[in-house]
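Student: So the chains spell out like this:
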Amino acid sequence: SQELEQSPQSLIVQEGKNLTINCTSSKTLYGLYWYKQKYGEGLIFLMMLQKGGEEKSHEKITAKLDEKKQQSSLHITASQPSHAGIYLCGADWPGGGADGLTFGKGTHLIIQP
Amino acid sequence: EPEVTQTPSHQVTQMGQEVILRCVPISNHLYFYWYRQILGQKVEFLVSFYNNEISEKSEIFDDQFSVERPDGSNFTLKIRSTKLEDSAMYFCASSAHPQLQPQHFGDGTRLSIL
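Sequence order for the protein chains is A and B. 9 is the number that this note's numbering gives to position 9 of the first sequence; each next residue is one higher, with no gaps. 32 is the number that this note's numbering gives to position 32 of the second sequence; each next residue is one higher, with no gaps.
In case anyone wonders, no lab produced these hints; they're calculated from the structure. Where a beta carbon is used, it is the ideal one built from N, C-alpha and C, also for glycine. Be aware that one or more of the hints could be misleading.
[What the hints assert, rightly or not] Which stretches of chain B does chain A cover? Using the computed rule of at least three CB atoms under 8 Å from a CB of chain A, they are:
| # | region |
| --- | --- |
| 1 | 43-50 |
| 2 | 104-111 |
[Claimed, not checked] Within a straight-line C-alpha distance of at most 16 Å, the following computed EDC-like cross-link-like pairs (lysine to aspartate or glutamate) qualify:
| # | chain 1 | residue 1 | chain 2 | residue 2 |
| --- | --- | --- | --- | --- |
| 3 | A | K36 | A | E59 |
| 4 | B | K42 | A | E41 |
| 5 | A | K27 | A | E5 |
| 6 | B | K42 | A | E5 |
| 7 | A | K105 | B | E44 |
| 8 | A | K27 | A | E67 |
| 9 | B | K42 | A | E3 |
| 10 | A | K105 | A | E15 |
| 11 | A | K38 | B | D107 |
Isolated chain B (complex conformation) (with noise of 0.2 Å):
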C-alpha cells in the first residue's frame, strides 16, 4: 500500500541552525500538509500546500517556516533558525481531496534542538 516516506527519522540540531525536514507524499495525492507534536501535547496543523503554492497556515507557521516542492515528489519544512520550542515530532502527510478524502501521514521527523 503506498505510504508516506519522511526523512530523516530523527534530527539533532544546534539552535540558530536551520534545518530541512523531508517528505515524499503518496504519489497520486496533490495536497500536501505539515503538522508537529510537541511531546505530550496535541497534534498541530502548520501548513496545507496545494498547486505549488500555500493554501493555509495557522498562527504557528511564521516567517521563520517555508515550505517547498523542489521537484515532483519531494515535499520540504525548512525552518531557518531553530529555536529550543521547536524541538517536536513533525508529520507530513496527503491526500488525494482536502475534504473528500482522508490525510495519510508519514511516521514523522522527531527534532531535537539543543
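Chain A with its partners taken away, still in its complex shape (with noise of 0.2 Å):
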C-alpha cells in the first residue's frame, strides 16, 4: 500500500523564523495536496501540486514538488503566529479514479512569540 512520510512530527520555531516540512512518497505520485488543520478542526486546502517540478507560492508559503513527484517541501518564511496549527500531506497516484487521498501523519507546527 502507498504510504506518505512526513517530517518532522513536530516543529517549534520562533516566530520571524523560516521553516521547512517535508512529505515523502516510496512511489511516483499522480497529486500532491498540502493541507492546513487546526486542533480539532476541519482541513483547509493550501495548494496541489501536479507536474514534476513544480513550486506554487501563496503569501508567505510555498510548496515544491521533486522532478520524479516523490518528494514534496512546505517552506514558510517569516512565520507568524496564524501559521500555528498541523500541516498535512496527501497524495493519489496513477491509476486512481476517484479514489480518496493517503494522508500523512502531519507535522505539528508551534510559533513561539
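Taking the hints as your guide, dock the two standalone chains into a single complex.
Tutor: Right, here's the structure in full:
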C-alpha cells in the first residue's frame, strides 16, 4: 500500500523564522496536496502540485514537488502565529479514479513569540 | 467562498445505535468523499461517491457503513450499529474533479460512542 512519510513530526519555531516541512512517497505520485488543520477542526486546502519540478506560492508559503514526483516540501518564510497548526500532505497515485487521498501523519507547528 | 458544511458538529450516541452524519458539498462539485480521523491518528479515506454510486471504498468501509445522496444537496454517512471504535472525527469532502481539482473539506462531525 502507498504511504506518505512526513517530517518532522513536530516543529517549534520562533516567530519570524523560516521553516520547512517534508513529505516523501515511496512511489511516484499523481498529485500532492498540502492542507492545514487547526486542532479539532477541518482541513484547509493550501496547495496542489501535479507536475514534476512544480513550485507554487501563496503569501508566505511555498510548496515544491521534485522532478521524480516522490518528494514535496512546504516552506514558510518569516513565520507568524497564524501559521501554527498541523500541516498534512495528502496524495493520490496513477491509476486512481475517484479514490480518496492518502495522508501523512502531519507536522505539528508551534510558533513561539 | 463556497464551503462544505457538516452537521451536527458533535454527536453522542449509545453503542449499537444507528447514526447519520450529514454533509452539504459545494454546489457545483460532483465527487464526494468521507474520511475519518481517530484521535491522534491519520486522516483515513472511507469512501468516494460519484453519479449516485460508490466509486471506491477502503477496508474500513464495511457493511455497517452506507452513504446516500437523498436529494440534490445532501450527502450522508450512516453507521448502522455503532461500536466504541467508531468514535472519531468524520470529515466530508467534495471536489469538481477527482484528480485535477483539490478536495475541499468540511469542519467535521465529532462522533462519540458511549
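Student: Against the structure shown, which of the earlier numbered hints fail to hold, in ascending order?
Tutor: 10
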